[in-house]
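Novice: Sequences are here, hints too, so could you generate the full structure?
Protein chains: 4
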Amino acid sequence: MAQAPTREDKFSFGLWTVGWQANDMFGPASRAPLDPVEAVHRLSDLGAWGITFHDDDLIPFGSADAERARHLKRFQGALDETGLVVPMVTTNLFSHPVFKDGGLTSNDRDVRRYALRKVLRNLDLAAELGASTFVLWGGREGSETDASKDVHAALDRYREGIDFLAQYVIDQGYGLRLALEPKPNEPRGDILLPTIGHALAFISTLDNHEIVGVNPEVGHEQMAGLNIVHGIGQALWQGKLFHIDLNGQRGPRFDQDLVFGHGDVLSSFFLVDLLEHGGYDGPRHFDYKPLRTENMDGVWASAEANMASYLLFAERARAFRADPEVQAALDAALVPELATPTLNEGETAADLLADRSAFEDFDPDKAAERGYGFIRLSQLALEHLTGAR
Amino acid sequence: MAQAPTREDKFSFGLWTVGWQANDMFGPASRAPLDPVEAVHRLSDLGAWGITFHDDDLIPFGSADAERARHLKRFQGALDETGLVVPMVTTNLFSHPVFKDGGLTSNDRDVRRYALRKVLRNLDLAAELGASTFVLWGGREGSETDASKDVHAALDRYREGIDFLAQYVIDQGYGLRLALEPKPNEPRGDILLPTIGHALAFISTLDNHEIVGVNPEVGHEQMAGLNIVHGIGQALWQGKLFHIDLNGQRGPRFDQDLVFGHGDVLSSFFLVDLLEHGGYDGPRHFDYKPLRTENMDGVWASAEANMASYLLFAERARAFRADPEVQAALDAALVPELATPTLNEGETAADLLADRSAFEDFDPDKAAERGYGFIRLSQLALEHLTGAR
Amino acid sequence: MAQAPTREDKFSFGLWTVGWQANDMFGPASRAPLDPVEAVHRLSDLGAWGITFHDDDLIPFGSADAERARHLKRFQGALDETGLVVPMVTTNLFSHPVFKDGGLTSNDRDVRRYALRKVLRNLDLAAELGASTFVLWGGREGSETDASKDVHAALDRYREGIDFLAQYVIDQGYGLRLALEPKPNEPRGDILLPTIGHALAFISTLDNHEIVGVNPEVGHEQMAGLNIVHGIGQALWQGKLFHIDLNGQRGPRFDQDLVFGHGDVLSSFFLVDLLEHGGYDGPRHFDYKPLRTENMDGVWASAEANMASYLLFAERARAFRADPEVQAALDAALVPELATPTLNEGETAADLLADRSAFEDFDPDKAAERGYGFIRLSQLALEHLTGAR
Amino acid sequence: MAQAPTREDKFSFGLWTVGWQANDMFGPASRAPLDPVEAVHRLSDLGAWGITFHDDDLIPFGSADAERARHLKRFQGALDETGLVVPMVTTNLFSHPVFKDGGLTSNDRDVRRYALRKVLRNLDLAAELGASTFVLWGGREGSETDASKDVHAALDRYREGIDFLAQYVIDQGYGLRLALEPKPNEPRGDILLPTIGHALAFISTLDNHEIVGVNPEVGHEQMAGLNIVHGIGQALWQGKLFHIDLNGQRGPRFDQDLVFGHGDVLSSFFLVDLLEHGGYDGPRHFDYKPLRTENMDGVWASAEANMASYLLFAERARAFRADPEVQAALDAALVPELATPTLNEGETAADLLADRSAFEDFDPDKAAERGYGFIRLSQLALEHLTGAR
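Residue numbers (the numbering used here), protein chains in the order written: chain A, 1 to 389; chain B, 390 to 778; chain C, 779 to 1167; chain D, 1168 to 1556.
Treat the hints with care, as some may be off.
Residues from chain D that face chain B, not an exhaustive set, calculated with beta carbons under 8 Å [stated by the list, open to error]:
1) GLN1188
2) MET1192
3) PRO1203
4) ARG1284
5) GLU1311
6) PHE1421
7) LEU1458
8) THR1460
9) MET1463
10) ASP1464
In short, the hints are calculated from the structure, not lab data.
Backbone N, C-alpha and C fix where the C-beta goes; we use that ideal spot for every residue, glycine too.
Specialist: This is the structure in structure tokens:
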């Protein structure tokens, strides 16, 4: 069995995860509401380090100021008692029907202005609670028919909105970074910025691109059949992995939000390997939904399961990397050689053209005989993952 | 019936499309080789404007210089006779077994150097033939197991390679632009830069990003279940749609390369609408495979079908845009309003916060009562598409 | 524009479709409840022929007998006033949390017994209202982890349940037929009897298989990437297409329930062609969800759109079949020849083995030269679909 | 490390697997041909029990009789030397261009007759070699446009063909059983009998259904996003799992044919659990493709990997089933209770209606409070799979 989680593991949970009442498209709630204060205490007891929330999770939409203050005070009290931190806050621009055509890209300008105001207020709260990351998931920014959304204008508005919010953060000296969360579809037929790639590309066009990155969710990329390790790898490579949502998904279908490790096990293993050894030191944040079949005992068991899976994969990944046979197989597969630049230092096109060994004297048929041994590597990974080595 | 294609329509075809001999994973060729010279003449007769090719399509891999020259001369002769142009040339870094682990990101440095040399040679040829776009599809740049590919290093090498090639183009004064072609998988289990988004994000990191854009293929994005109109929309918005591959696909499955219009008809319609009215004036390039069930008559019928479909959708899209009922429905859906900035000119956060109409006096419940009429728009589009209006 | 729908078109709607309040996984209701009586009147005005419902749509779950009678009386009154019929009734074994692990295959035997009782009661109602089909969608019969469900036992229980219910129908002389509705996933991770094929196979094992068939939903098959025309074709071929749910879907993703014709247009066209010319004379039932962006005006527009799309495709399909060029292309493609048995009448294996023309004298290379002209057929279909012929 | 495979494990391989030369849609062969005699010896050395083949794998298409005999003799010699058996033979009705529109359902009747003759000949061979199963994969039986294939006629012809072949087997006293292999698509756009379910349903209509079952391939079902454990469970439940093709796939995309265990690991684990404990005692047959990146060393390593993965999962599954904590969790989840019939012995509808505890006195809200503990079960499975327990 894997070791117990500690604060050093930086595990955090969305309040909306353990607090999900299990209402879905085909049925109403099957669990009672969870008091945020209880969530803080229980998660703390289980070894979590942080808790996150949407504005509307903690403070019911439309609460009066006094009620709002009361909710916040109770919550802050629980944080103080437990030492749990709030590393990230996010905003809900998708539940209230006013956002049914989106928040920052709604066709309705009044809705867009209202959305900006809602976020501004929530940015103040995030700063107040000491969060370092502010996530924006644009779940309703999209369309079902291409006739309904001018993509050019929508991206203009998206850029306008994000740049405006980022400028506010800068101007207020909040020290927050914004993280966009991509998703290909659901609840909209197609959502703008559907993948890590599209979000990164969009960010590159921002005036305030320095403080804007991504918060990819494992399952969201897998809904598009994409390799999450490749996606996170590119986000890291571009210096833009500001936060991550860990969970499980079984390929292109509805957003399952399974426990991390209960979806694609191989990808989960390699993802943890990357997070642990690829230069990410942010929160390990779980964004999942405890199955509707579970009662509250099952909810807490699911919270534990997420952390246990992560720690288990981390242990397996360490052993994988430390195994001399694996090292030898990586070498045989020339994996480390990819870190060597293709060109010699300072080599120009003229130099390369003059290098007969690169072309004229290179025998492609001969070179093609190499076997890379990728299946061997794959099997070594499976054997480590399954504890067979 | 739609009108006949003319040179003004800028239709171009890959030599490998009509020339595909219909060998696939489960069977050998079912059609005889097609002489490139015949391809030029036939496509010209059908109303095409351009022809494109991979180096290895036109000149068998490994040809000696004299043979190479002979192939080129015959081809150039056909171009001269017909007036067909070569708007784009591309390179093959995926067929020869030497590239089985990729070209620019192969773990084997010698292969990477060889790949650069192969592309340099082909860039010269592209310039010689007057092409304005050079496409790079990295079909073998990827992996089947995450253990086999260090994504960070791979993207470093990819960047090194593309920047090197772009610099060569600049230094030679070729006036070419490079266009990267994304694809999520096949033949590799997962391919790097799997979508338009990932490619655009990658390009934003290049030193020579000004002359590098994308060449999206309709079916490739649809293999990831993504909305091609959204994807092309983002590429246009970022000023990076340098070229496009039109074809048909029926969702996440193998790469079908159907005739354009024989896959997702609604998306094809809206894509043509976007290309015709969204500021793209490059080639309308077909990259498809005539079904294996067809003989050469069927091949030429398929070439015609691609162009006929495009022209038909263009006609339907024009009528759609011109219909006053459509205009009224777009207005009712507030589609044009999205072009209006969310903020007033010069409006600051302080200004917005002071605008009580944006938040304090805004009634979200009331605003949520609006019906956008998107289904009506969708139905109007269907009726125009089907010629029922 | 297509003609207006009439009762002869046999269009029916689920009460839960126009009545959907647009609450989804990410937001609450955006529309007010719809009175079933109003639904009957409005649908009748629009030209519909029938209305269908789940027990819980019409009569809130757990209603006392008197309240139940009152609901039914009002509804029956509306039917009488309008002439609308109730061709189908279905049951809800998926909304109430008691069914969170399924109804007929819940691990909990008490739940299974309760489910049977709930259905028995609803069968009485269906008979009382004159329905001829009773649909069972087992949306919660499934699992998220294979450890939780013994598939062998689950199928035993499923068979036990369906056979029991069918026997009740027979014993009561209700004249009803049962129709199972397959779906691959959502809300469960994986649902038992995930496709038309699995349901047909299951039915073949029933004692009372004669009165049990399928009610396929277009989008459900497309969520598995399957060809709906092939699936419906097989159901018809097996004499088991008892009912059909028409709607739209854009490939493997969440269950979109779009308006019919707003998903895969080509498949919709060929599906209508099959329904109109393939021997189906049951209801054309729409099971869709009006987009959350719409108000009630949009809801009624969406109801109209479903019928208009169907009639439009039917008109296009008739023209396609009647076109002599299409007939010639079908002949050239040998489509009608497939109706000729492969063997001569009474031909035995010995006879075939003795026929040298079938093998020894048959030249496969020569025969392989035939071009089937399938692309031409496909293009003719597109041109008819788009009204270009 | 798992134990070495033995003959008792009943591992078999297709000759076309280790013999695949790694030519794909985008490149030619990267490996030399493999002599079938060497394949037999090497597989035997690695611990395999059986070898299987298509007619055309062993004997090049169109070989003269003498050549055919020579090939067979050499192969038989190798079998005799090693003790390897031929438990299954299959036929190739998909490679030669004559089958480009299918074999048993080609629109061209002459092709259909030729296909029957080809299979008859191969049935004789299968019997001669002592095979007990004859697999038919109809990879070209399908269409790309619905206009090209009359599904009703196609299924008539499919039934005619399979019944004819089955009758021949019966008449000849061959003792063979036929097994149909479903696949949703590739190489055809859509293939008839796309899933296990559709094939089982089709079989139920056959005159000779007793000797016809299915040969499901793991990856083929996963290409449709279906749960392979559910699918195999249904095939076993219907007594129709005659053979199985084990491999790996990563969801809806091209047919990857990965090593077993290198795709969806959780499903592989539960599938082995089902095969080992669910009443299947046939061959464990691997139908995969060694990656194109591998040379022959990698090919043999891949053969070993398939068997090692299977044995590893089998060991983990045994430990899972034997763990008292797992047993307790299964009990808590009521998994065994599903084996208890829902009705009491002999209970009629009248009896059930009279049982007030089943409905009138049953409190669904109370019953809904149960937590099934499925996440706990899922986590226990993951911990066993990963050797953490």
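Novice: Among the hints numbered above, which are violated by the structure, and what are their numbers in rising order?
Specialist: 1, 3, 4, 9, 10
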